[in-house]
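Participant: Here are the chains, one letter per residue:
There are 2 protein chains.
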Amino acid sequence: MHNQQQRIIASAAQREAAQAARLKIRAGFDRSTAGLAAGMTQVNMISVAKDWAYDFLLYAQRNPQSCPILDVLEQQHYHSILAADADIRTDFPRYRVWQHGEMVDEITDATAIYTAHPELVTFLIGCSFSFETALQDAGIPIRHIEDQHNVPMYLSNIACRPAGRISGNMVVSMRPIAAERISEAVQITAKMPSVHGAPIHIGHPESLGITAIDRPDFGDASRIAADEIPVFWACGVTPQAAIMQSKIPFAISHAPGHMLITDIPDRAWMN
Amino acid sequence: MHNQQQRIIASAAQREAAQAARLKIRAGFDRSTAGLAAGMTQVNMISVAKDWAYDFLLYAQRNPQSCPILDVLEQQHYHSILAADADIRTDFPRYRVWQHGEMVDEITDATAIYTAHPELVTFLIGCSFSFETALQDAGIPIRHIEDQHNVPMYLSNIACRPAGRISGNMVVSMRPIAAERISEAVQITAKMPSVHGAPIHIGHPESLGITAIDRPDFGDASRIAADEIPVFWACGVTPQAAIMQSKIPFAISHAPGHMLITDIPDRAWMN
Numbered sequence: 001m002h003n004q005q006q007r008i009i010a011s012a013a014q015r016e017a018a019q020a021a022r023l024k025i026r027a028g029f030d031r032s033t034a035g036l037a038a039g040m041t042q043v044n045m046i047s048v049a050k051d052w053a054y055d056f057l058l059y060a061q062r063n064p065q066s067c068p069i070l071d072v073l074e075q076q077h078y079h080s081i082l083a084a085d086a087d088i089r090t091d092f093p094r095y096r097v098w099q100h101g102e103m104v105d106e107i108t109d110a111t112a113i114y115t116a117h118p119e120l121v122t123f124l125i126g127c128s129f130s131f132e133t134a135l136q137d138a139g140i141p142i143r144h145i146e147d148q149h150n151v152p153m154y155l156s157n158i159a160c161r162p163a164g165r166i167s168g169n170m171v172v173s174m175r176p177i178a179a180e181r182i183s184e185a186v187q188i189t190a191k192m193p194s195v196h197g198a199p200i201h202i203g204h205p206e207s208l209g210i211t212a213i214d215r216p217d218f219g220d221a222s223r224i225a226a227d228e229i230p231v232f233w234a235c236g237v238t239p240q241a242a243i244m245q246s247k248i249p250f251a252i253s254h255a256p257g258h259m260l261i262t263d264i265p266d267r268a269w270m271n
Numbered sequence: 272m273h274n275q276q277q278r279i280i281a282s283a284a285q286r287e288a289a290q291a292a293r294l295k296i297r298a299g300f301d302r303s304t305a306g307l308a309a310g311m312t313q314v315n316m317i318s319v320a321k322d323w324a325y326d327f328l329l330y331a332q333r334n335p336q337s338c339p340i341l342d343v344l345e346q347q348h349y350h351s352i353l354a355a356d357a358d359i360r361t362d363f364p365r366y367r368v369w370q371h372g373e374m375v376d377e378i379t380d381a382t383a384i385y386t387a388h389p390e391l392v393t394f395l396i397g398c399s400f401s402f403e404t405a406l407q408d409a410g411i412p413i414r415h416i417e418d419q420h421n422v423p424m425y426l427s428n429i430a431c432r433p434a435g436r437i438s439g440n441m442v443v444s445m446r447p448i449a450a451e452r453i454s455e456a457v458q459i460t461a462k463m464p465s466v467h468g469a470p471i472h473i474g475h476p477e478s479l480g481i482t483a484i485d486r487p488d489f490g491d492a493s494r495i496a497a498d499e500i501p502v503f504w505a506c507g508v509t510p511q512a513a514i515m516q517s518k519i520p521f522a523i524s525h526a527p528g529h530m531l532i533t534d535i536p537d538r539a540w541m542n
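Note that the protein sequences, when read in sequence, are chains A and B.
Everything in the first sequence is counted per our numbering, starting at 1 for the first residue and increasing by one.
Everything in the second sequence is counted per our numbering, starting at 272 for the first residue and increasing by one.
Calculated directly from the structure, the hints in this document are not laboratory data.
Please note: incorrect hints may appear among the correct ones.
List time: in silico DMTMM-like cross-link candidates among lysine to aspartate or glutamate, alpha-carbon distance up to 20 angstroms [said to hold, decoys possible]: (1) K518/B to E377/B; (2) K50/A to D322/B; (3) K50/A to D326/B.
Which residues of chain A face chain B? A few of them, derived with a C-beta cut under 10 angstroms, are [claimed, not checked]: (4) K50; (5) Y54; (6) E74; (7) P118; (8) V121; (9) A190.
A virtual CB, placed ideally from N, CA and C, is assigned to each residue, including glycine.
All chains, full assembly: derive it from the sequences and hints.
Facilitator: Right under this line is the structure:
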């Protein structure tokens, strides 16, 4: 997908697992999708009015590591090439509704609100969950999957490049990695730039402006063992920070960690 | 640049060569820039009115192999992060002016026309010249550099994914490669997706709708030796095909092969 000529197709079993996960979510599953339908690409989402779409698309273009766009759905389109039978109005477990930078509601079905807002354009954005399969395949455990909680995410002090009316800081996800495996983790994730790529920082949370590693801004805290170092990757929740900071009049996003599961295997994003 | 964390800096000699080439162009050099300031990134260009910028940016997002965007300059901005002292109004050797899909003029200095059109937003797009250094470093000769002419480019029958009001076919560049070196050429260029990446086709021009390989639609024909196969890459002239097919009211582009030379080394785009 990344460079368009590698058409990596999911197995029938993988597609069935993805579809089953979407049906489960559509039926009411309301938790983080971390670890669900292992090996299948999960995506972040943000919908903004057409009037804001150029600024957002340019913001994403200028900040590809935190906002790698995998698909754009035009107004009143709710189906993505990434998952033929998915409906973006129902197939995220949980949505956030934003007005002027404030979260005004959290909902589990967004159908009514998309009907009321036909002006929305939707962006689907790569998620670092996609490289977790590759890390696990290399024998590097993922703490938040082991412990069955959402990944910890933090609002960093790294300013993204602004675009038009949109600006904001980078949100980062954190995984504790055993010190002796960090070099491998960098090399593996560097091969997947469409899903956030290599870490943006290793080992010094304070220099990212993170003062309490045990109190993430989004998601749940992860245990950090004595032989581990916190490793930080750019995160697809970054657009939500931009919504807040830029006071975009109206937007819908997914709730952090509550993703859409697509029919594309994670390994399709491997360079 | 591609994944933002690899900051590869040009040597002082390379920056001087790039600057000297720009000054030469600004002073009137009016030929293809193929082979100029070897090792430094050259870029394609298109300027469209702000009203068309979202459609174009989405077109590029949906067709990254032919339209990899390296920088976007907002209205009345003429300087790029890719080359601090460059001016996009004067530093391409030759420009094309488009009205309603027809080329109405070719000029060597676009300052007056940018002044008359303050509504223009400018996109700088990766160029396959950037992987030629890597091919040459591997001992794979580049025919159009050897023979000192412009690269041959063809309008293919491959439809790009449309976006809003913009549609068009992919333009491809062709390099004859010795049959025994093609596998290496694919592997080398696949590592550079921001500058068109791997070939989109090898060996059968007819299936791309190309009936006369010796009469390219843009640039100059290349000799093809008996032991060589024509290899095709997506080309940054693709937006010009979209301008024509979509009858965009007004646009400025570079003339094919007449590129802006930046301060970024080609190897900065290597994954």
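Participant: Each hint: holds or not?
Facilitator: For each hint, the structure was consulted:
no. : hint             : result
1   : K518/B to E377/B : holds, 18 angstroms
2   : K50/A to D322/B  : holds, 12 angstroms
3   : K50/A to D326/B  : holds, 11 angstroms
4   : K50              : holds, 8 angstroms
5   : Y54              : holds, 4 angstroms
6   : E74              : holds, 8 angstroms
7   : P118             : violated, 16 angstroms
8   : V121             : holds, 9 angstroms
9   : A190             : holds, 7 angstroms
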